[in-house]
Amino acid sequence: MPTFRFGLLFILVAACVAATVHAAPVNWHTRMVDYTADSKDIKDVLRDFAASQGIPADISKDVQGSVTGKFHMPPQRLLDTLASSFGFVWYYDGQVLDIVTPDEMKSTLIKLDHGSTAQLRSTLAAMNVTDPRFRITYDDVQGAAIVNGPPNYVKLVGDVAQRLDTTTRHRAGTVVQVYPLHHAWAMDRSVVADGQSMTLLGVATVLNNVYHPQQGGGGNSGGGGRAPNVQRAQPMGNVGGARMQAGGPSAPLPPGTTLANGESSLGLLSGLSGRPSQQLSSAVASSGPTAGGQASGGGDEEALPVIEADQRTNSVLIRDTPDRMYQYPALIQRLDVKPRLIEIEAHIFEVDTSSIRQLGVNWTAHNSHIDLQTGNGLGAQNTYGGTLTQNFGNTTLAGNVTAAAMPVGGVLSAVIGNAGRYLMANVSALEEQNLAKIDASPKVTTLDNIEADMANQTQFFVRVSGYTSADLYSVSTGVSLRVLPMVVDEGGRTQIKLDVAIQDGQLTSRTVDNIPVISSTNINTSAFVNEGEALLIAGYKNDGRIDTTTGVPVLSKIPVIGNLFKYTDRENTRMERLFLLTPRIIEL
1 MPTFRFGLLF ILVAACVAAT VHAAPVNWHT RMVDYTADSK DIKDVLRDFA ASQGIPADIS
61 KDVQGSVTGK FHMPPQRLLD TLASSFGFVW YYDGQVLDIV TPDEMKSTLI KLDHGSTAQL
121 RSTLAAMNVT DPRFRITYDD VQGAAIVNGP PNYVKLVGDV AQRLDTTTRH RAGTVVQVYP
181 LHHAWAMDRS VVADGQSMTL LGVATVLNNV YHPQQGGGGN SGGGGRAPNV QRAQPMGNVG
241 GARMQAGGPS APLPPGTTLA NGESSLGLLS GLSGRPSQQL SSAVASSGPT AGGQASGGGD
301 EEALPVIEAD QRTNSVLIRD TPDRMYQYPA LIQRLDVKPR LIEIEAHIFE VDTSSIRQLG
361 VNWTAHNSHI DLQTGNGLGA QNTYGGTLTQ NFGNTTLAGN VTAAAMPVGG VLSAVIGNAG
421 RYLMANVSAL EEQNLAKIDA SPKVTTLDNI EADMANQTQF FVRVSGYTSA DLYSVSTGVS
481 LRVLPMVVDE GGRTQIKLDV AIQDGQLTSR TVDNIPVISS TNINTSAFVN EGEALLIAGY
541 KNDGRIDTTT GVPVLSKIPV IGNLFKYTDR ENTRMERLFL LTPRIIEL
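Sequential numbering from 1 applies to the sequence shown in this note's numbering.
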């Protein structure tokens, strides 16, 4: 800790300190200061000095040293001499004397969005904020300034600049522009998929998320952590008519009931326990600042731009300063694009694979992109358009005719071209022989990048009893097909990207707590499909058994001995399910 002794030479040292013009002039109460110190801590000396002049002082704990000597000089000179001797920096803002070390000095960049640096310079000078010891560097072109000095000085300059910017913005005023949309939606839209509500963001929300990211995005992540086939139905009303929703107020419990957190419930009289009830506590907790931490009401702190959607005219309204309105038309034009219309044709069918192998039936769908065939290797290969690109060897037909052979077993490619129609013709032929079954052939038209949902499901409800009410949970079985198409133009060709989610469930004979067990299969895949091609999805099989009983009338019904007069035929079947998706771009 440095120690300084001051004697008769103190006046000579003080005379060497150059006089400076400070920010706010200090109104000293006395013209001269008489002070005697004997190894006294510098912080105590500064406190005594400030107290004698009636000025509050904020002294950093890092200012260290001890003072010994007698002082008789003006207060301004005493303060400057101590500062040069002990190496601290002081600043007076008109209210508090701030004393810090050089290590605590700060530097910050101030950006003006509406005001000018000339206005900031004149405002600081008029308010006696600036100090020649702490230089402020201005950039008139960028509208910025760099401030160096004690923390309170830097903060004060920043507050003045912020207030100047706000005042200039309000004086300039704001304007409102209406941008009608022709193709996109201005407001958010809610859609329900598999019992889960999802939000499709409108243009207004997208712009708000860009300019006000702290407010958080719209959208709904959906509810996770539950079976995909099960969803909670709309809650029932209790005897009081209140809705028992998750996260809402709980029904009153009987007095004396112990809660999960160990507290004891007093029922309807919980508000008389000397503490707020759970309902009141949750209401008070939720009545805080709005999303993003901004208080409602706006006022001078209202954040621009203000973006709203008008549902009636499908327009976006933007309020902002005139100098910033130029950026919105081009941005909205990029968002308000006309989407392409896409038709999605789906074929869902099952093929008896064992019957195909036994009977030697072949079916094919191929062109320059794919080949899909099954057979026994003895028959001739099917042709399509007179062109074959696959080679499975040769076979000899009747009349010693050599032809391209069909494959032994099966060959499957994922993406097929226009041969999809030819494939369906073969499946229809197999259907006439009970070797195939076409379950459904839905067709839907959707917009580019908008999901299409095709479902054929059976729904039933399961009641789950609670303490004061009952909940209904819906269980769905069947086929759900969701396809998200996206048109991709690249390299002079057009492709369609398909995101496919297939859920296929069916009831089984097993039960758990009298609730039937659902056997479910899920497929999620993505593929690029050229125009005129189709996407074929396969890979899982269903095993079944058919029991056919025949017998002699009357005699076959006799207990025990009736088995001698009847015959049971059991046939095992193995069906492979396939999904054929054909997207087409519709030009309007």
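Treat the hints with care, as some may be off.
As the list claims (entries may be wrong) - Pairwise CB distance ranges, derived in the manner of DEER restraints:
| # | residue 1 | residue 2 | range |
| --- | --- | --- | --- |
| 1 | Ile523 | Ser474 | 50 to 56 Å |
| 2 | Gly492 | Lys437 | 39 to 45 Å |
| 3 | Tyr326 | Gly492 | 22 to 28 Å |
| 4 | Thr525 | Gln162 | 18 to 24 Å |
| 5 | His183 | Asn128 | 54 to 60 Å |
| 6 | Lys557 | Lys437 | 48 to 54 Å |
| 7 | Val306 | Ile515 | 40 to 46 Å |
| 8 | Thr549 | Ser465 | 38 to 44 Å |
| 9 | Gln214 | Asn128 | 49 to 55 Å |
| 10 | Arg189 | Thr549 | 52 to 58 Å |
| 11 | Gly491 | Arg135 | 22 to 28 Å |
| 12 | Gln459 | Tyr326 | 52 to 58 Å |
To be verified - Distance condition first, Cα-Cα at most 27 Å in a straight line; then the derived DSSO-like pairs of lysine-lysine:
| # | residue 1 | residue 2 |
| --- | --- | --- |
| 13 | Lys43 | Lys111 |
| 14 | Lys70 | Lys43 |
| 15 | Lys43 | Lys106 |
| 16 | Lys106 | Lys70 |
| 17 | Lys338 | Lys443 |
| 18 | Lys43 | Lys155 |
| 19 | Lys70 | Lys111 |
| 20 | Lys70 | Lys155 |
| 21 | Lys111 | Lys61 |
| 22 | Lys497 | Lys566 |
| 23 | Lys61 | Lys43 |
| 24 | Lys61 | Lys40 |
| 25 | Lys338 | Lys497 |
The hints are simulated quantities; they were obtained by calculation from the structure and are not laboratory data. Since we're looking at a predicted model, the values are computed, not measured. C-beta atoms are modelled at their ideal positions from N, C-alpha and C, and glycine is treated no differently.
Okay, the hints, checked on the actual structure:
no.	hint	result
1	Ile523 / Ser474: 50 to 56 Å	violated (23 Å)
2	Gly492 / Lys437: 39 to 45 Å	holds (42 Å)
3	Tyr326 / Gly492: 22 to 28 Å	violated (35 Å)
4	Thr525 / Gln162: 18 to 24 Å	violated (54 Å)
5	His183 / Asn128: 54 to 60 Å	holds (58 Å)
6	Lys557 / Lys437: 48 to 54 Å	violated (33 Å)
7	Val306 / Ile515: 40 to 46 Å	violated (52 Å)
8	Thr549 / Ser465: 38 to 44 Å	holds (42 Å)
9	Gln214 / Asn128: 49 to 55 Å	violated (36 Å)
10	Arg189 / Thr549: 52 to 58 Å	holds (56 Å)
11	Gly491 / Arg135: 22 to 28 Å	violated (58 Å)
12	Gln459 / Tyr326: 52 to 58 Å	holds (53 Å)
13	Lys43 / Lys111	violated (37 Å)
14	Lys70 / Lys43	holds (17 Å)
15	Lys43 / Lys106	holds (22 Å)
16	Lys106 / Lys70	violated (34 Å)
17	Lys338 / Lys443	holds (22 Å)
18	Lys43 / Lys155	holds (24 Å)
19	Lys70 / Lys111	violated (48 Å)
20	Lys70 / Lys155	violated (37 Å)
21	Lys111 / Lys61	violated (32 Å)
22	Lys497 / Lys566	violated (57 Å)
23	Lys61 / Lys43	holds (8 Å)
24	Lys61 / Lys40	holds (15 Å)
25	Lys338 / Lys497	holds (18 Å)
When held up to the earlier numbered hints, the structure conflicts with 1, 3, 4, 6, 7, 9, 11, 13, 16, 19, 20, 21, 22 and fits the remainder.
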